[in-house]
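Chemist: Just need the whole structure built from these sequences, with the hints factored in.
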Amino acid sequence: MQIVKNKLFILLITILTFNGCSTTGDFSFFNSSEKSDASLFTRIGGLPVLTKIADEFIDKVATTPSTKRSFDGIKLKTLKESVVLHLCELTGGGCKYEGETMANSHRDAKITEAEFDAFVSMFRDTLNKYVSTREKNELLKILAPMKRDIVTPI
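Residue 147 in this note's numbering sits at position 147 of the sequence shown; the count goes up by one each step and never skips.
Keep in mind the hints are simulated off the structure, nothing from the lab.
Note that the structure is predicted; figures quoted are calculated from it, not measured.
Ideal Cβ placement from N, Cα and C applies to all residues, glycine included.
Hints should not be assumed to be uniformly reliable.
What the hints assert, rightly or not - Simulated DEER-style distance windows between Cβ atoms:
1) Lys-60 <-> Glu-89: 17 to 27 Å
2) Ala-114 <-> Ala-144: 18 to 28 Å
3) Lys-129 <-> Asp-108: 27 to 37 Å
4) Asp-37 <-> Pro-145: 23 to 33 Å
5) Thr-112 <-> Pro-48: 28 to 38 Å
6) Gly-94 <-> Thr-152: 26 to 36 Å
7) Thr-133 <-> Gly-73: 31 to 41 Å
8) Pro-153 <-> Pro-48: 33 to 43 Å
Modeler: Here it is in structure tokens:
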């Protein structure tokens, strides 16, 4: 069960990496010097925003016909918590992610390019609600290398 949960988390992280960026939120409460001095975690909005992103995204992919097979038997609450911890660590929030690696957690998931693309599209839609362009691009750059560990080669 832990391996499957971690595989899904890794898939989420990879999806984040390959999303296009656009902003729909108002991030004017940061001035430019605060933005450049603060960690990505802080600039994104910390745990409250990461939690909203994880909750909404996982709810979406777990119920969409083209992606829901990957979530059969998965405890979504636990997965969401794991995703938040991993994103927190990756963005400099001081959290410690102790789950499986992306490669280990996705080894047997048989995620196709088409499924991955569907995850990316849904993740992009979710990020567009909560994350500004600069921070989104920075996060995606961190996540990009994980795709190779998620998609199963044909």
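Chemist: Please test the hint of 18 to 28 Å on the beta carbon pair from Ala-114 and Ala-144.
Modeler: 19 Å, holds
Chemist: Is 33 to 43 Å respected by the C-beta to C-beta distance linking Pro-153 and Pro-48?
Modeler: Holds - the Cβ-Cβ distance for Pro-153 and Pro-48, about 38 Å, lies within 33 to 43 Å.
Chemist: Check the following: the C-beta atoms of Gly-94 and Thr-152 are separated by a distance inside 26 to 36 Å.
Modeler: Taking Cβ atoms as reference, Gly-94 and Thr-152 lie about 33 Å apart, which means the hint holds.
Chemist: Does the Cβ distance between Lys-60 and Glu-89 fall inside 17 to 27 Å?
Modeler: Given a distance of about 23 Å, which is inside 17 to 27 Å, the answer is holds.
Chemist: Taking 23 to 33 Å as the stated bounds, is the beta-carbon spacing between Asp-37 and Pro-145 within them?
Modeler: Holds, at about 26 Å.
Chemist: Quick check: does the Cβ-Cβ distance between Thr-133 and Gly-73 fall within 31 to 41 Å?
Modeler: Holds - the Cβ-Cβ distance for Thr-133 and Gly-73, about 37 Å, lies within 31 to 41 Å.
Chemist: Hint says 27 to 37 Å; check whether the CB-CB distance for Lys-129 and Asp-108 agrees.
Modeler: 32 Å, holds
Chemist: With respect to the beta-carbon atoms only, verify the hint that Thr-112 and Pro-48 lie 28 to 38 Å apart.
Modeler: 33 Å, holds
The structure agrees with every numbered hint stated previously.
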